[in-house]
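Peer 1: Take a look at the letters that make up each chain.
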Amino acid sequence: MKNKTRFQYFLLATLLLATPLVWAQTEARYSLGAKLDFSTWEGDNPGGADFKAKAPMLGVEVKIQYANWFGGLTLAGGEFKFDTLSPTRPTNPLPIGSEPVTIKRSEVDLVLGYRFWPRIALFLDLKNVSNEWDTDSYKTEYNGLGLGISGHHPLSPEWTLFGNFGVVPMNIKADGQEVGDATRSALNIGFLYRINQRMNLSIGLQSQTQIDDYDNGLEQTHRVSALTFGINAAL
Amino acid sequence: MADMLKNRYGFDDVQLLENATRREMLIALDELGRDVLPNDNVLVYYAGHGFLDSETGKGYWVPVDAVGTDQTTFLRNSSIRDELNTIAARGRHTLLIADSCFSGSLLRSGTRSLPPQTNSERYYQKVAQKKSVQIMAAGGVEYVDDNYRSTGHSPFTHFLLNELKYSNQPLLTVSELSQNVEKAVANNVSQVPETGVLQGAGDELGEFIFINVDVSVSGVPAERVKVKVNVTPTETPVTPYVSTPEVVIKTAPAASPNLLPMPTL
Numbered sequence: 000m001k002n003k004t005r006f007q008y009f010l011l012a013t014l015l016l017a018t019p020l021v022w023a024q025t026e027a028r029y030s031l032g033a034k035l036d037f038s039t040w041e042g043d044n045p046g047g048a049d050f051k052a053k054a055p056m057l058g059v060e061v062k063i064q065y066a067n068w069f070g071g072l073t074l075a076g077g078e079f080k081f082d083t084l085s086p087t088r089p090t091n092p093l094p095i096g097s098e099p100v101t102i103k104r105s106e107v108d109l110v111l112g113y114r115f116w117p118r119i120a121l122f123l124d125l126k127n128v129s130n131e132w133d134t135d136s137y138k139t140e141y142n143g144l145g146l147g148i149s150g151h152h153p154l155s156p157e158w159t160l161f162g163n164f165g166v167v168p169m170n171i172k173a174d175g176q177e178v179g180d181a182t183r184s185a186l187n188i189g190f191l192y193r194i195n196q197r198m199n200l201s202i203g204l205q206s207q208t209q210i211d212d213y214d215n216g217l218e219q220t221h222r223v224s225a226l227t228f229g230i231n232a233a234l
Numbered sequence: 000m001a002d003m004l005k006n007r008y009g010f011d012d013v014q015l016l017e018n019a020t021r022r023e024m025l026i027a028l029d030e031l032g033r034d035v036l037p038n039d040n041v042l043v044y045y046a047g048h049g050f051l052d053s054e055t056g057k058g059y060w061v062p063v064d065a066v067g068t069d070q071t072t073f074l075r076n077s078s079i080r081d082e083l084n085t086i087a088a089r090g091r092h093t094l095l096i097a098d099s100c101f102s103g104s105l106l107r108s109g110t111r112s113l114p115p116q117t118n119s120e121r122y123y124q125k126v127a128q129k130k131s132v133q134i135m136a137a138g139g140v141e142y143v144d145d146n147y148r149s150t151g152h153s154p155f156t157h158f159l160l161n162e163l164k165y166s167n168q169p170l171l172t173v174s175e176l177s178q179n180v181e182k183a184v185a186n187n188v189s190q191v192p193e194t195g196v197l198q199g200a201g202d203e204l205g206e207f208i209f210i211n212v213d214v215s216v217s218g219v220p221a222e223r224v225k226v227k228v229n230v231t232p233t234e235t236p237v238t239p240y241v242s243t244p245e246v247v248i249k250t251a252p253a254a255s256p257n258l259l260p261m262p263t264l
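So the protein sequences, as listed, match chains R and U. Oh and the first sequence: position 72 is 71 in numbering that gives the first Met the number 0, straight run, nothing missing. Oh and the second sequence: position 248 is 247 in numbering that gives the first Met the number 0, straight run, nothing missing.
Hint data in this document are derived by calculation from the structure and do not stem from the laboratory. Predicted model, so just to flag it, every value in this text is computed and none were measured. Where a beta carbon is used, it is the ideal one built from N, C-alpha and C, also for glycine. Each hint should be verified, as a subset may be incorrect.
Stated by the list, open to error - Derived Cβ-Cβ restraints for the label pairs, each shown as a range:
#1 F190/R x Y165/U: 39 to 47 Å
#2 N67/R x T20/U: 24 to 32 Å
#3 Q198/U x A232/R: 41 to 49 Å
#4 S184/R x R75/U: 43 to 51 Å
#5 R222/R x N186/U: 42 to 50 Å
#6 F164/R x D69/U: 34 to 42 Å
#7 K125/U x Y113/R: 48 to 56 Å
#8 A66/R x V66/U: 24 to 32 Å
#9 F164/R x T20/U: 36 to 44 Å
#10 L217/R x V66/U: 55 to 63 Å
#11 S53/U x R222/R: 36 to 44 Å
Unchecked claim - Per the computed footprint, the stretches of chain R lying under chain U, defined by three or more beta-carbons under 8 Å from a beta-carbon of chain U, are:
#12 140-150
#13 164-173
Okay, chain R solo, but in the shape it has when bound (with noise of 0.2 Å):
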């Protein structure tokens, strides 16, 4: 696992240290984005039971865009109380029955696409989550770097869908110590609608899941749903 993850990262590093030469030649477009995510988190512990908890992620992206490149970071993060079952912990797992867990969640993505066709683009997305209990700040990360083809299709001068899909592979620390791997698939569709020349808003569809293989042998499937509302504006 350390091997694949070390030749993600050198794989991502290449591209961005090889993007400047292009980008040297012509001018990039900056702009920033802020979107909210009516989120539901739901899955299956080991053991069958099911947890499910509903919380609204707030986030915000900054991307650059340099002919057919693009790249960017987004940070998005909110907490999700789970009144009854929460998802079972890989290590040290919280006493059966005990109070409503609240799990601090953030995602991060350093993303760096490119644009193939004029509305198709293929991406790659460094991504890490991680879940932050608060009873006793124990904490799961997730990270991996993800391939995803996006596109979007204009609908009328105002409206314009557009979609993502994509998998990461990725592996899993529990305070600290790797505890096995997890394969993410995500998919985002939405409508994207003009305001003028500089703003646009969006409104989409998001699903993802995402199924941990723990090395104990057990198994744990993450599913988050969200409407999701943005903005982004050029710099």
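Use these hints to put chain U onto chain R, whose structure you have.
Peer 2: Chain U only, in chain R's frame:
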């Protein structure tokens, strides 16, 4: 486009507007109408957004300062036609090239015959003498792509530039040009450019003619090769391309990829 017109076709008075507001576009067209001389050939090229109100059938150009779908901030086809009428009334040949969505809503149908295979010199003389008010439109009443094969141009402008760049004809009429561009566009994308005349503007079935001044002569340095553009013997002197202002307005596409949300997984 501006470079192509200046360097290859001898346009010596080119005005380039980028990211123009509605006011700037109207002022430029108004000033153009005032400046045109009787024998001038005028080409107006617009690349930008277009909008068609499906209920009323009214078409618009969408300037950079347009507000959402507020049509009062757009430039109506009727206003564009008014300005072209003024220009056409004063000049000899007027050509509007509109590269935008729904640009076909600007024109009325009207075709020219192509030059005969023989005695084409006489044909060019004939159509150069007659007044023309022509429109080439990227699409009829349809959406058009804004970044064909990542060229930064629509398919229409891409093939229009190709045709202007690689045509080996010393004289190229709009009918010849449009036929080739229409074929190339229709063969590659689901879009059909249209060519026609501006109704009621005094078109006499003349032709706007592009004269290739980028001529090389074997053994003669390029700076010593000169092309006389008003060589057509006519009863009334015609001086093609003496004053050929151009309005080029570049606006971001409807869905600028830069403003799409960042794709994440």
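Peer 1: Each of the hints needs a verdict: does it hold here or not?
Peer 2: Results for each hint:
1. At roughly 40 Å, the beta carbons of F190/R and Y165/U sit within the given window of 39 to 47 Å.
2. Between N67/R and T20/U, the C-beta spacing of about 29 Å keeps the proposed range 24 to 32 Å intact.
3. For Q198/U and A232/R, the Cβ-Cβ distance of about 42 Å falls inside the hinted range of 41 to 49 Å, so the restraint holds.
4. Distance hint check: the CB atoms of S184/R and R75/U are about 48 Å apart, consistent with the given range 43 to 51 Å.
5. Between R222/R and N186/U the beta carbon distance is about 47 Å. The supplied range of 42 to 50 Å therefore holds.
6. A C-beta distance of roughly 36 Å is found between F164/R and D69/U, which places it inside the suggested range of 34 to 42 Å.
7. With their beta carbons about 52 Å apart, K125/U and Y113/R fall inside the hinted range of 48 to 56 Å.
8. As the Cβ distance of A66/R to V66/U is approximately 29 Å, the hint placing it in 24 to 32 Å holds.
9. Taking the beta carbon of each, F164/R and T20/U are about 39 Å apart, inside 36 to 44 Å as hinted.
10. Taking 55 to 63 Å as the suggested C-beta distance range, the pair L217/R and V66/U conforms, at roughly 57 Å.
11. The given range of 36 to 44 Å is respected by S53/U and R222/R, whose C-beta atoms sit roughly 40 Å from each other.
12. Proximity of the segment 140-150 of chain R to chain U, defined as three or more residues with a beta carbon under 8 Å from a beta carbon of that chain, is established by the 3 residues found.
13. By the rule of at least three residues with a Cβ nearer than 8 Å to a Cβ of chain U, the coverage given for the segment 164-173 of chain R holds, with 3 such residues.
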